[in-house]
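Number of protein chains: 2
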Amino acid sequence: MDIVRKEGFLRLFAIVFLVLTACLMGFDSQTKLLFDTVERKASFNDMDALFFLVWIDAAVASYNVLHVLRCFLIPTTAKGDVKQRSYKNYWLFFFLDQAAVYTVFAAQSAAVEASAIALAGVRSLQWMKLCNRFTRFCIQIGGALLCGYAAVLVLVVVSSLSAFQLFRLYSPKKFLQLKGKLNDHHLLSM
Amino acid sequence: MDIVRKEGFLRLFAIVFLVLTACLMGFDSQTKLLFDTVERKASFNDMDALFFLVWIDAAVASYNVLHVLRCFLIPTTAKGDVKQRSYKNYWLFFFLDQAAVYTVFAAQSAAVEASAIALAGVRSLQWMKLCNRFTRFCIQIGGALLCGYAAVLVLVVVSSLSAFQLFRLYSPKKFLQLKGKLNDHHLLSM
Numbered sequence: 001m002d003i004v005r006k007e008g009f010l011r012l013f014a015i016v017f018l019v020l021t022a023c024l025m026g027f028d029s030q031t032k033l034l035f036d037t038v039e040r041k042a043s044f045n046d047m048d049a050l051f052f053l054v055w056i057d058a059a060v061a062s063y064n065v066l067h068v069l070r071c072f073l074i075p076t077t078a079k080g081d082v083k084q085r086s087y088k089n090y091w092l093f094f095f096l097d098q099a100a101v102y103t104v105f106a107a108q109s110a111a112v113e114a115s116a117i118a119l120a121g122v123r124s125l126q127w128m129k130l131c132n133r134f135t136r137f138c139i140q141i142g143g144a145l146l147c148g149y150a151a152v153l154v155l156v157v158v159s160s161l162s163a164f165q166l167f168r169l170y171s172p173k174k175f176l177q178l179k180g181k182l183n184d185h186h187l188l189s190m
Numbered sequence: 001m002d003i004v005r006k007e008g009f010l011r012l013f014a015i016v017f018l019v020l021t022a023c024l025m026g027f028d029s030q031t032k033l034l035f036d037t038v039e040r041k042a043s044f045n046d047m048d049a050l051f052f053l054v055w056i057d058a059a060v061a062s063y064n065v066l067h068v069l070r071c072f073l074i075p076t077t078a079k080g081d082v083k084q085r086s087y088k089n090y091w092l093f094f095f096l097d098q099a100a101v102y103t104v105f106a107a108q109s110a111a112v113e114a115s116a117i118a119l120a121g122v123r124s125l126q127w128m129k130l131c132n133r134f135t136r137f138c139i140q141i142g143g144a145l146l147c148g149y150a151a152v153l154v155l156v157v158v159s160s161l162s163a164f165q166l167f168r169l170y171s172p173k174k175f176l177q178l179k180g181k182l183n184d185h186h187l188l189s190m
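The listed protein sequences derive, respectively, from chains A and B. Quick note on numbering: the first sequence equals residues 1 to 190 in the UniProt record's numbering. Quick note on numbering: the second sequence equals residues 1 to 190 in the UniProt record's numbering.
A couple of the hints might just be wrong.
Chain copies aren't distinguished; within one or between two, either way the pair holds.
Calculated pairs, DSS-like style, for lysine-lysine (alpha carbon to alpha carbon, straight line, at most 27 Å) [what the hints assert, rightly or not]:
| id | residue 1 | residue 2 |
| --- | --- | --- |
| 1 | K174 | K6 |
| 2 | K88 | K174 |
| 3 | K6 | K32 |
No lab work stands behind these hints, which were simulated from the structure alone. Remember, predicted model here, so these are calculated numbers, not experimental data.
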């Protein structure tokens, strides 16, 4: 299996975990009667951090769908080599993948922090804990965050692979000089 | 200037920003009289997220100090080339640098999220905002978080550079095969 197919399958995994995270979180809600009179509904809209995580995960999943299409639909050479792209495209993919993984990771960390506060409260700031009242809701959020970490792990591997595909085109001797004095096409097919 | 020196200077920048973040946050405290009777002191210990950020930044700064020593003290060849390390060391540096940047970024994002809650409060959860009372404290935390983002940016560049130095040793044609059939030493000095 050539490297483009490997990348495609990794991105498929990432999409699965991202969509799972977004769905688990987005469809999580619990209604509870407080003080026998007030009805209170908990959903991911209550906290900005969860709201952003759902939409960022959805956006990065869509971005990866485009990459999967590229990986599986554009034909490679018979030797399983990459002939489809010039090194400039690799730079673009490198930057986009880095941006994707850091964005998802930031949203994930913020959501974990907000959930930790909701779980434990902060006594010195008089923020009370909430998960003793919305237990099932909080357990589902916890599951979603675990899936989110799986997605981040796969995205880290994907972004390393995209760095690998870019940087192996460069000379091991001189800084930022392509291997040999060949043009793009020749370089990629050698 | 060869690539090892470049890396050394980048890591120096990262250390400066990391130490600045940790100090701005660690030495930030404000005491205020609430309700004319209760004296209340705000410090970074009040929130776990800020506490962890200070210590993680300090740890990653120390790790980078070791790298700076390596970059400037171990001699390179006359051509400014890297002769000091085998490719296995590059793999180690690659993994450690990735771990460092993701750890700092996670701590940074969590601290930003906690600070956002402290700044705006979450009305639906009855978490009240705090920064209207501890204004100077909160402004200094904000400055520290800005420095933290600068540190993360530099660390991202450093980790890309470390990926570059590793992956350029590999063949552009075959997956994870070193260039040519040379041994480590020969490869790095060619």
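Status of each hint after checking the structure:
1. K174 x K6: between (29 Å within a copy, 13 Å between copies)
2. K88 x K174: both (19 Å within a copy, 20 Å between copies)
3. K6 x K32: neither (47 Å within a copy, 59 Å between copies)
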